[in-house]
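First to last, the sequence lines map onto chains A and B.
Note that my numbering gives residue 57 to position 57 of the first sequence, counting from 1, and the numbers run on in steps of one.
Note that my numbering gives residue 505 to position 505 of the second sequence, counting from 1, and the numbers run on in steps of one.
Just so you know, these hints were derived from the structure itself, not from any lab.
Please note that the accuracy of each hint is not assured.
Treat identical chains as interchangeable: a pair holds within one or across any two.
[As the list claims (entries may be wrong)] In silico lysine-lysine, BS3-like type, Cα no more than 30 Å apart, as pairs: (1) K634 / K329; (2) K9 / K354; (3) K160 / K310; (4) K386 / K599; (5) K711 / K56; (6) K389 / K480; (7) K783 / K592; (8) K529 / K819; (9) K208 / K722; (10) K184 / K812; (11) K339 / K294; (12) K474 / K414; (13) K2 / K711; (14) K329 / K819; (15) K792 / K826; (16) K609 / K184; (17) K487 / K160; (18) K714 / K783; (19) K56 / K67; (20) K339 / K184; (21) K487 / K422.
2 protein chains.
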Amino acid sequence: MKQFVYQFKEVQKPDKNLFGGKGANLAEMTKLGMPVPQGFIITTEACTQYYNDGRKINDDILDQISKKLKELEAITGKKFGDVNNPLLVSVRSGARVSMPGMMDTILNLGLNDEAVEGLARLTNNPRFAYDSYRRFIQMFSDVVMQQEKSKYERILDEVKEKKGVEFDKDLSAEDLKEIVNLFKDLYKKSQGEDFPQDPKVQLIEAVKAVFRSWDNERANVYRRMHDIPYEWGTAVNVQSMVFGNMGDDCGTGVAFSRNPATGENVFYGEYLMNAQGEDVVAGIRTPLPIATLKEQNPDVYNQFVEIAKKLEKHNKDMQDMEFTIEKGKLYMLQTRNGKRTAKAALKIAVDLVKEGLITEKEAIMMIDPKQLDALLHPQFDDKALKNAKAIAEALPASPGAACGKICFTADRAKEMAQDGDKVVLVRLETSPEDIEGMAVSQGVLTARGGMTSHAAVVARGMGTACVAGCSALKFASDEKSFTLNGKVYKEGDLLSFDGSTGKIYDGLIKTEPAKISGEFATIMEWADKYRVLQVRTNADNPKDAENAFAFGAEGIGLCRTEHMFFEADRIPAVREMIVSSTVEERKRALDKLLPMQRKDFIGLYKAMKGRPVTIRFLDPPLHEFVPHEDQEIKDLAKEMGLSFETLKRTVEDLHEFNPMMGHRGLRLAVTYPEIAQMQTRAVIEAAIAVSKSENYNIIPEIMIPLTCDIKEFKYVRDIVAKEAEEVLKENNVKMTYKIGTMIEIPRAAVTADQIAQYAEFFSFGTNDLTQMTYGFSRDDAGKFLDVYYAKKIFESDPFARLDQNGVGRLVKMATDLGKSTRPDIKLGICGEHGGDPSSIEFCHKTGLNYVSCSPFRVPIARLAAAQANIKFPRN
Amino acid sequence: MKQFVYQFKEVQKPDKNLFGGKGANLAEMTKLGMPVPQGFIITTEACTQYYNDGRKINDDILDQISKKLKELEAITGKKFGDVNNPLLVSVRSGARVSMPGMMDTILNLGLNDEAVEGLARLTNNPRFAYDSYRRFIQMFSDVVMQQEKSKYERILDEVKEKKGVEFDKDLSAEDLKEIVNLFKDLYKKSQGEDFPQDPKVQLIEAVKAVFRSWDNERANVYRRMHDIPYEWGTAVNVQSMVFGNMGDDCGTGVAFSRNPATGENVFYGEYLMNAQGEDVVAGIRTPLPIATLKEQNPDVYNQFVEIAKKLEKHNKDMQDMEFTIEKGKLYMLQTRNGKRTAKAALKIAVDLVKEGLITEKEAIMMIDPKQLDALLHPQFDDKALKNAKAIAEALPASPGAACGKICFTADRAKEMAQDGDKVVLVRLETSPEDIEGMAVSQGVLTARGGMTSHAAVVARGMGTACVAGCSALKFASDEKSFTLNGKVYKEGDLLSFDGSTGKIYDGLIKTEPAKISGEFATIMEWADKYRVLQVRTNADNPKDAENAFAFGAEGIGLCRTEHMFFEADRIPAVREMIVSSTVEERKRALDKLLPMQRKDFIGLYKAMKGRPVTIRFLDPPLHEFVPHEDQEIKDLAKEMGLSFETLKRTVEDLHEFNPMMGHRGLRLAVTYPEIAQMQTRAVIEAAIAVSKSENYNIIPEIMIPLTCDIKEFKYVRDIVAKEAEEVLKENNVKMTYKIGTMIEIPRAAVTADQIAQYAEFFSFGTNDLTQMTYGFSRDDAGKFLDVYYAKKIFESDPFARLDQNGVGRLVKMATDLGKSTRPDIKLGICGEHGGDPSSIEFCHKTGLNYVSCSPFRVPIARLAAAQANIKFPRN
């Protein structure tokens with residue numbers, strides 16, 4: 001028979017998967033001979049069993065709990081429900097990783113009408129006993145039975161008012177007895193039955209509540225955000241109570257072996273004397289800094305410091321500990337690796353290496369790459385932020401702090417920025433035409449749209465702060481002002497917001513730029529030492545490329561040339577090209593674009609200082625470049641000297657039923673080879689120019705998007721190669737260049753052996769590949785994916801985390817097929833997954849050469865790549 | 001060194017791939033000792049080489065031609081360009097299969113200013129010699145040099161006018177000499193150089209012209225239509241000339257060993273005395289039936305009949321032969337398996353088996369399955385058609401003949417049909433709401449749209465005749481009448497059209513229904529004997545199901561339930577369901593649909609008489625069921641008792657950027673499980689009812705569309721299974737049922753091992769699978785696929801012919817993966833490919849259990865399945 005329940009002292013190997021983090025650590029502390037109130041653990045497997053049995057605790061497990069409870073009574077010398085010496089326990093959840101949103105703690109379980117009297121006698125403190133009882137009833141009703149919390153609060157308030165006292169502590173034992181009775185009445189009324197007097201019933205109900213809380217909505221949301229599988233389940237810890245609130249020689253608190261905010265190696269924490277855990281949190285009394293304990297009780301303090309050092313050494317990490325002092329004696333209630341800020345994480349990791357406690361590899365493994373994000377964007381100055389109050393909160397769509405003068409259109413943003421103003425762009429929602437305006441803004445705030453709206457996606461790519469979907473923000477009908485939190489904001493007014501928190505502030509809050517130095521630089525250096533996967537960046541302009549270079553990008557993996565097409569000085573020529581009815585007209589328009597594109601590419605080559613630059617040719621459907629409203633079409637027609645009807649017809653001809661699956665990517669180059677020719681010329685001419693002026697050895701990489709077939713690719717490849725050769729000949733230059741393709745269409749993955757005959761490199765465009773492989777478009781899937789999450793069909797967003805099971809199979813297949821015909825083919829990934837740690841691990845394991853991600857994710861990717869290689873070494 | 005040129009008599013094995021059909025047969029006749037004017041063949045490999053060399057005939061091949069020409073001079077005792085005894089040749093193309101659109105024939109090549117004199121002397125017939133010369137110049141200018149034909153015609157006309165003669169034959173030798181000189185002047189003016197006097201130059205130019213013609217547009221279009229690979233290339237046949245126009249003991253003609261129209265075993269053909277081939281075609285003189293030859297020249301006739309019998313026996317098929325009689329001697333110029341009508345094909349195949357010439361299997365292999373299509377739809381009565389003249393011609397979008405009273409709306413079509421009228425529906429274009437009206441019509445005619453327009457696709461599926469995209473048809477502004485060929489047509493006027501030819505006729509032409517009997521039935525019987533692949537049908541209503549049953553369908557492979565949702569009596573309840581804001585409201589609407597769906601399914605079960613019926617649950621996005629224009633929304637809102645704003649908002653909420661990749665398929669069932677529950681109930685209740693009333697053993701098959709993930713499928717499967725069990729329990733019935741899925745999303749194919757853990761059958765939805773795998777939608781791809789065809793990137797339409805290289809790899813993968821976890825999984829295909837012979841062969845080879853196609857393709861599929869198993873036997 002499988003063992004589902006273990007005494008702390010019974011545990012041989014502190015397996016977090018089985019016992020949860022909390023339980024494993026309690027068992028371990030017991031083993032190390034530390035003062036831990038004894039108890040037992042109901043394993044995570046019992047939780048899984050509970051769900052498999054249709055949300056029931058089966059008899060076997062119930063029996064095991066009874067048995068362990070008996071043992072615990074023997075260990076403590078107390079008895080459940082005993083009038084003379086009652087055993088009281090705390091019941092706490094404990095998953096593999098700590099998870100907010102789940103049920104946390106029930107204290108004082110085991111109290112009933114008789115045991116409370118016993119406790120009163122035993123402690124000679126009836127007030128304490130009845131206060132414990134009323135707390136227990138209150139917690140049990142709320143957390144276990146999910147009754148309305150406020151009704152119990154109201155009773156407490158009414159009694160206090162009646163008695164004319166302000167604080168709980170001023171209530172007498174008799175008052176608390178009265179409250180206990182009122183609570184029990186309310187419990188009966190709410191629950192339809194008496195408050196359970198049998199401690200075993202209390203215990204089983206509490207255990208069930210912990211199991212249930214694994215599946216509540218907040219827990220599910222958190223799991224999805226942090227890639228925690230539903231299957232894991234939670235363990236339950238049942239621990240005998242010790243009391244920090246039995247007198248002035250008692251106390252309770254939380255301490256860290258190092259400072260979790262800065263990482264400094266100082267004992268850190270706070271505590272309250274004569275208090276139970278919740279009092280520390282409640283904030284009515286101000287806790288004391290842990291240093292004070294040194295004076296109040298040097299013995300306990302020294303014992304504690306010694307334990308902390310020992311635990312840190314044992315667990316090789318900074319510890320976060322809960323403790324209680326009962327009648328002058330220290331008890332450890334919990335220890336775990338402490339949560340810390342990104343800054344602290346880096347300092348602690350580097351310090352631990354210096355102290356000889358861990359290796360560089362261990363230091364690397366210890367840092368969550370995603371956490372670095374916080375250090376990679378401008379931040380509000382801490383002091384300045386302390387005095388600010390948020391006026392609204394919306395979706396934290398792209399991290400970083402922004403402050404500046406409000407403007408409402410991309411054009412105004414550009415004008416004001418040119419005048420030297422720092423601006424924030426506030427829009428109902430953004431569109432591709434706003435990109436330039438977004439780029440010059442400190443941040444973007446939208447009233448509509450979600451985490452995957454245009455504004456959010458583009459801002460994340462740019463590394464620009466964005467707060468999206470602020471529905472509290474109401475635009476005036478002329479969209480020249482808005483109301484927020486009761487105040488009217490006009491152009492030029494000052495506003496600040498934080499894309500990491502979604503908070504919006506009135507006025508100006510000082511910000512500080514991001515940089516990599518100190519411990520951050522050390523960790524990055526180590527990461528580079530241990531990784532084999534290269535990290536490139538997605539960058540469409542020199543500014544992004546320079547940022548990425550500073551963050552350590554080893555090249556550009558994706559330059560989306562279409563972003564250049566949207567710029568104000570180009571869009572007229574782009575549109576002229578689109579409305580052309582002959583090849584000659586089209587070439588004339590393209591001739592205007594050539595020098596601009598060449599200049600773009602020169603800028604990129606210079607910014608990357610000779611590192612590889614992959615330039616992707618025009619990708620989006622042409623209708624993205626033309627207006628769709630009649631009035632706009634009229635204006636444009638006039639501007640272009642066309643009749644409204646002609647332009648309208650062109651726009652209508654460009655309409656597609658499923659633009660995602662329409663005339664785009666290299667399909668444009670097949671229809672209009674002259675576009676690819678112009679882009680080829682711009683790439684090669686730029687490479688020649690920069691090779692000469694900067695003396696770099698540039699090997700241009702031209703990437704053809706959306707390939708689905710070998711002949712299709714070859715057709716475009718041949719056009720590109722022919723033009724490239726011509727340009728080289730004209731310039732009398734020899735230069736190596738590579739022509740490759742995106743793999744973003746399932747058929748390309750499935751026929752990769754054929755395509756690799758001509759393609760010199762593959763770059764997996766996992767955004768589109770995910771869409772095509774799943775058969776749903778990102779724009780439309782939002783409508784039903786929430787239901788999929790709610791019903792646990794999907795546990796994570798396949799656009800954020802690469803679906804290794806499906807899309808990953810295609811990536812693996814394409815990798816193997818590609819290598820089968822071109823063993824030295826270069827393989828990369830340039831979807832948003834390129835910056836996601838779990839996806840990076842997959843890329844590493846699959847044998848890709850590089851990942852490419854947005855500039856602000858480069859350090860994250862460097863760290864994640866190192867972690868992947870430490871976990872799965874590759875040579 | 002590779003041999004590129006062969007004398008006829010040199011050929012050992014008549015390999016059509018190398019020599020082309022014409023060449024192989026000429027060589028074979030030579031070998032059989034038949035009277036064939038000798039010559040040589042330039043192989044298809046020489047053509048491929050020509051293209052590989054950049055459209056040049058390389059020196060090696062030129063040398064070989066020279067050598068073979070020398071040999072031919074020795075064989076014939078004539079010399080190229082000889083003044084006394086000139087060798088004249090014909091130059092003809094000859095691909096593996098005969099292919100219209102390519103260059104056909106150059107006659108009399110070798111004539112020049114000297115040789116013509118020799119020919120005149122030799123034949124003692126200067127008129128004949130100069131006529132031959134002028135014909136040659138004319139053909140050479142037109143076919144080889146692609147000069148404007150009409151200019152030469154004009155000279156001929158001018159000389160005839162000047163001489164006052166009406167027919168060519170009335171021109172004298174001197175007149176023809178004058179014409180030759182005028183022709184040569186015109187040639188020089190057009191070409192910038194003299195008409196080539198060197199016969200070798202003439203020959204090489206002619207050979208190049210044949211090679212070039214392999215790549216002309218008409219040939220490319222034909223190849224695409226008939227799945228002929230571009231790589232094949234064409235051979236060139238150079239044959240010494242014999243003359244049917246040297247006097248009254250000369251003649252030329254074409255004969256068939258059996259009647260190609262009826263298949264009757266009688267010698268059939270026609271000929272002209274004193275004529276060259278082109279005269280037979282020109283139609284100025286009326287050719288004589290071949291039987292006449294028996295009287296004119298019994299020896300030649302008997303020799304010919306004997307040769308024909310011998311060739312038929314040798315080639316095991318009916319022969320189509322070209323012959324010439326020169327001075328009383330018979331020459332065979334060509335033989336090939338004759339083209340024939342579908343009816344003749346069946347009769348000949350069955351007769352040949354009866355006569356012991358071929359086996360049943362050979363008979364099966366001999367019939368092109370696609371040809372049967374012509375026999376499976378109503379046909380115009382031959383006699384009636386003879387007197388009719390087409391008033392317009394448009395796209396032959398769905399085969400079959402239609403005639404009836406014109407109506408302009410689906411509603412009127414239904415009303416008139418209910419009144420017993422035969423109607424034809426004439427629309428600008430059709431939409432899903434027209435389906436019922438289309439179903440009751442004899443045929444559909446649209447002014448807009450192509451071969452893949454809604455009207456065309458739906459009509460083909462229904463087997464209803466359709467002519468699409470008739471731009472000559474101009475609707476009046478009120479769409480209550482139209483003008484065509486100068487006549488105004490109103491509702492009730494009579495119109496006929498033929499979906500096989502695209503021709504439209506005024507008034508009523510009698511039609512005859514399709515039936516399988518006689519030789520057709522025999523062939524079908526044999527096909528069933530030799531095939532292992534089952535053939536099911538796609539049918540959404542009892543009428544289609546009954547048709548398919550009569551055509552031999554072994555079950556329904558796909559019933560699209562959404563087609564039922566569009567019907568006029570249901571759409572209100574469907575819309576009520578869509579606008580529901582609560583589960584209860586939705587259930588109430590679904591309750592109204594339940595009895596209707598049940599009735600539908602009862603009808604299908606009855607029509608299929610106990611054979612399996614696969615019912616696919618609701619698939620299209622819901623916005624297809626609501627109107628989109630403001631006025632229509634207003635009308636519907638009033639009808640439904642909703643505010644315009646509410647309904648408008650619902651319609652807007654349903655909008656999708658890429659509907660193909662949106663909220664549809666089982667995604668609907670995940671969001672609204674009650675839809676799947678209602679459909680399950682309808683299926684099971686119907687099965688119970690028909691099992692009882694008809695005493696069939698029905699095993700319902702429920703098919704979940706658009707699966708992309710195992711958990712997603714399991715979620716819906718569980719809902720369906722639970723409801724099914726409930727219905728069975730309510731009815732106290734035991735019944736086996738199967739729940740399976742479409743495989744139409746790449747991810748489903750890639751994870752088929754997982755999905756097969758729960759899915760009891762797979763049906764490959766290759767329409768959507770093709771779209772997703774290629775990453776282009778059928779609706780949008782039309783815009784660029786033409787360019788792909790023109791540039792030879794694609795050679796066939798992947799929606800018509802399964803792309804075995806890409807989509808096929810996914811089908812194979814899903815098959816293998818599916819069998820790995822469920823060895824007895826049932827596998828079928830239900831895309832349009834299910835009726836395409838080459839795709840059926842692929843399905844057979846891949847190991848599927850069945851194909852499902854539209855009712856009118858069932859016999860085609862039965863034959864194709866038999867052919868596949870004869871070619872690739874499977875047990």
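Given a CA cutoff of 30 Å, do K609 and K184 count as a within-copy pair, a between-copy pair, both, or neither?
neither (75 Å within a copy, 68 Å between copies)
query = With identical chains treated as interchangeable, where does the CA-CA distance between K9 and K354 reach 30 Å or less: within a copy, between copies, both, or neither?
reply = Neither. Shortest intra-copy (34 Å) and inter-copy (92 Å) distances fail the 30 Å Cα cut-off.
Exercise. Between the shortest in-copy and the shortest cross-copy C-alpha distance, which are at most 30 Å for K783 and K592: within, between, both, or neither?
Worked result: between (42 Å within a copy, 27 Å between copies)
Have a look at K487 and K422 and pick one of within, between, both or neither, based on CA distance no larger than 30 Å. within (21 Å within a copy, 71 Å between copies)
Query - Intra- versus inter-copy proximity for K599 and K386 (alpha-carbon distance at most 30 Å) - result: neither (45 Å within a copy, 70 Å between copies)
Margin query: One pair to classify: K474 and K414, alpha carbons no more than 30 Å apart. Within, between, both, or neither?
Written below: within (24 Å within a copy, 52 Å between copies)
* First find the shortest C-alpha distance between K329 and K819 inside one copy, then the shortest across copies, and answer within, between, both or neither for a cut-off of 30 Å. => neither (66 Å within a copy, 66 Å between copies)
Inset, instruction - Check K487 against K160 for me: Cα-Cα at most 30 Å, and say if that holds within a copy, between copies, both or neither. - result: neither (40 Å within a copy, 97 Å between copies)
### Task
Pop the pair K714 and K783 into one bin, within, between, both or neither, using alpha-carbon distances up to 30 Å.
between (39 Å within a copy, 21 Å between copies)
**Q.** K339 and K294: within-copy, between-copy, both or neither at 30 Å Cα
**A.** within (25 Å within a copy, 107 Å between copies)
Within, between, both or neither: how does the pair K56, K67 come out at a Cα-Cα threshold of 30 Å? This pair counts as within: shortest intra-copy Cα distance 19 Å, inter-copy 94 Å.
Discussion item. One pair to classify: K339 and K184, alpha carbons no more than 30 Å apart. Within, between, both, or neither?
Written reply: neither (39 Å within a copy, 97 Å between copies)
Checked against the numbered hints given earlier, the structure breaks hints 1, 2, 3, 4, 10, 14, 16, 17 and 20 and satisfies all the rest.
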